[in-house]
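Enquirer: Using the sequences and the hints, build the whole thing.
So the protein lines, in turn, are chains A and R.
All residue numbers for the first sequence refer to the working numbering, where the first residue is 4 and numbers rise by one.
All residue numbers for the second sequence refer to the working numbering, where the first residue is 2 and numbers rise by one.
Possibly wrong hints are sitting among the right ones.
Said to hold, decoys possible - If you anchor each label on the Cβ, the simulated ranges turn out as follows:
#1 R:Glu147 to A:Lys347: 33 to 41 angstroms
#2 A:Gln209 to R:Pro61: 36 to 44 angstroms
#3 R:Pro114 to A:Lys245: 47 to 55 angstroms
#4 R:Arg84 to A:Ser381: 20 to 28 angstroms
#5 A:Glu348 to R:Pro114: 42 to 50 angstroms
What the hints assert, rightly or not - Coverage of chain A stretches by chain R, computed from C-beta distances (three or more under 8 angstroms per stretch; other residues unrestricted):
#6 162-169
#7 330-343
Because the hints were derived from the structure by calculation, they are not lab data.
Quick caveat, the model's predicted, so the values are computed rather than measured.
We put the CB at the ideal spot given by N, CA and C, even for glycine.
Here's the letter readout for the chains.
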Amino acid sequence: MSKAYVKKSKLLKATLGLKNIMGRHFLAIEQAIRDGTPTAWATSGTPVELLYAMDVQPMLPENSATISAARKYSQKFIELAEDQGFSYDLCSYFKTNIGAVESNVDVTIGGINKPTFMLSSDVICDTHVNWFQVQAERMNVPHFTIDVPHVVSNTNNRQYNYFKKYVAEQVWELLDFIQEVTGHEMNMERSKEVAKNSYDLSMVWQEIYELRKNIPCPISTKDTFGGLFPLFTMPGLKAPIKLYKRMYREAKARVDAGIGALEQENYRLMFEGIPFWYNLKYFAMLEKYGAIIVYEPYTYAFSKFMNPNVTKDMLLNKPIEAMSELMLSFWYIFDLKTRIQKFKETVDEWKIDGVLLHNNMSCRPNACGLYDLKRRLSDDYDIPCLIITSDMNDPRKMNETQVSNQIESFIEILHKRKKK
Amino acid sequence: MTVLDDFTKGDSLLNPWMDEWKKQGKKILGYFCTYIPEEIIHAADILPVRIRAKGCTDTPMGDAYLSPTTCSFTRCCLEMANRKQFDFLDGIISCNSCDQIRRLYDNIRYKTPFSNQYFLSVPSNVNDITIDFFKYELNKFKNYLEKTFNVDITEEKLKNSIELHNKSRTLLKELYLLRKKKNPPITGTDIMNILLSGVSMPKNQFNELLTTQLKEIEGKEGISDDKSRIMLVGSMLDDPEYVKIIEDLGGLIVNDAVCIGTKYFWEIVDENLDPLDALANRYLSRVSCPRMAGEQSKRVDFVLNLIKEFNVDGVIFQRMKFCPFWWAEIFVLRDELKKQGVPFLDLEREYVLSGAGAMKTRVQGFMEVLEGK
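Expert: Written as C-alpha cells, this is what we have:
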C-alpha cells in the first residue's frame, strides 16, 4: 500500500476569521459582566436564540471547556475536580468546568463567570442537567431545565405531536422564568430577527456541508471543528453569518477549480463523536494516507434546522413552537433505528469509504450508542467502521500509539477494498 | 419455615409465585424503573416484575454492544436478554430513567426483541406542565395495555389497584419504622429480600405475607450485637449479599434511600383523586431519584431527616460505576453530611458483586471510624 507523502490539508483563509468572531463573543460576555447585563450558562441543544432575543448574554461552558483543552489546561482542571472527589469516569467537560470555576481562571484558558441563571436540557444527555444542577447549587444561582422526551423506536406521530406541544409549553414557561429573574421581557420583533439570523447561519453551514459531497472534498476538519462554535454560541447574531458565507465562497471556488483540501484524496471518512480537543492536530495524521474526513455528525448536528417541518415561515411566525420542534429533531435524540438509517444515507450521499467512531470514555450517550451502531453498519450495510477509544477533554485517556496503529490498519482495509 | 425464609425466594430471577401465576395462564411484564407505575399493569391483571439481572456473571455481548464504559446493570440486562433469561416475561416496559437505560431499550429492541415492548416517557422535573404530560403518557400506556392484552382497565380496577399498592406501601413503612428502635427487630439483608419479593410477586400475596411477618417480629427481641447503625444511599441495588457483607462487619442497615427501598414505597398515592391524576402526581412528586432535576435539596432533606429519625451513625453511599446521576449527586449530599457531622463512606461498585475483599476492608475501616466517635 502506498503511503506516499501528501501535503497537509489547506485551511480556508476565511476560517482564520473565526478567532475574531469568537473574540467578539467573549468580549460581549466581558461587557455584559461589566455592565451588569444578565448572563446565562446554557448547555448545547437548548434554544440559545431565546436568550439573545431577551438580551441575556449566553455563555456556553462546553465551549469554555474545549478552550481549556485546546490550551492544554483541561487535564489540570479535571484533576482538580477529581481531587474534590469527582469520579475519574465522569464527563470531562463537567470536570473541566468544575476545575476552571474553582481556579477562577481567565476566559482565554476556559474560565467562565458566574451567571445570572443557568439553562439546561436533557436533549443531548442527562449529564447536562446534572452538571448544571450541581453548579447552580454550588454557585447559588437559579436553574431552569427543559425536559425533552426522547424519540425511541416506537414513537408514533400522535405521540410526537404531543411531545412538541409539551416542549413548547416548557419553553413558554422559560420565557416567564427569564423575565422573573432578569426583568427582561420577550420582544417578539427581536425574537424574529434572532430566529432569522439563526436560520440563515445554519443554512450556510449546511451549504458548506453540501460542498463537502464533492470529490475532492474542498474543506477538512481544520475548518469545521473550530467553525462549529458560532453555531452554538452565537446563533441569532449576524457576524458569524458573514464568516460562514466567506467560508462557503472560498470552498465553492475550490470546488469549481477542482481543488480539494488535500492535494491527493484517497479515502473519504466520517468521524462520529466529539473530537479530542486537546489534540486536534492528531487528525492531521490521517492526511499522510490521503484520508480526509468529509462529514462529522457532531458538527453538522448543530446546524439545527434539519427538520423539513420547521420552515423559515414557521420560524418567523411561531418562533417558540419552531424552536421547540427543533429540540425534538436534534441528532442525538434519535433512536438506534433512525441513527442507522441516517448514517447509511450520509455514507451514500457523501460517498464515504469508512466511518471512525469515537468511543468517548466520559460521554455515556455517546459511548453506549456506538458499538451497536458499528455492528449494524458493518453487518447490514458492509460499511467499514473503526472505533477509537479516547476522550473529548481528558488527554490521559488518549493512547496515541494505539490509535495510530488502529488507524493504520483501518486504512489498510480501506486500501484493499479500493483495489477490489 | 418462617416468613422470612419465604421471602428469600424473592431474590431469584423466577420465583415460585411467578410460576404459579404463569400456570394460571396469566401474563408477566418486566419493568425497569420505579418511575413505571405497577398499579396500571396490575389493573390489567398482569403481574409487574422489576427487571433484574440476577445470575449474570459476565457480559461479553453486553460489552460488545453497549461498550464497557456503560453501567454494568444495563450491560448485564442486555446479556440476560440475549441469553433468553428473560423469556419468562411476556414483554418489557422501559422508560427514560437515564441515557443508558434508554439506549438499552433500543438495543434490546434491535438485538433480542420482545413481542411486547413499551417505552414510557417520564419527565425529568416536576411542575404542572410535566405532571399533565405524565398523566397523558400514563393514559397512553393504559390504552396500550388494553389493546395489546385485550383487557379493560376500568377506573374501578385502577382504584382497587392503587388501594392494594398503598396497602403494601403502608405495611412496608410500618416495617421500616420498627427499625427506629434501639435494637431493630430485622436486618437490612432481610429487608432487601422482602423488597425483592415485593417487586416480583402478586401484591395481595405479598401483603398477606408481610402482615404475617409484621406479627412475627412484633415483640421480638431486637438485634443488639451490631456496632453501628448505617443508612444505605445510592444507585440501584438488588443484591442481599452486598448488604450482608456490611452487616457481617457490624454495620446494621437501619434505613436507606435507594430505589428498591424507601424510594419505592415511602409515599402513598392519593386515593381521593382521579386515578391517573393521582398516579402522575405521586410518581413525579415522590422522593426522587437523581434523574429528577431541581429536587436535589429535597433529596438531601429526605436523607438528613431519616438520619435523625433513625438515629443513624454513618452513611454508606454505594454508586454503580458509570452512573453519572449518582456521581453528581454525591457532592451536594456529602457537603451537607459534613456540615451535620455525619460520617460517610463512598463505595463504587459494579452490578455483579466483585471485589468483596476490598469492599470489606473499606467497610471495616469505616466501622472503626464510627466506633471511635
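Enquirer: Starting from the hint list further up, note which numbers the structure goes against and sort them upward.
Expert: 5
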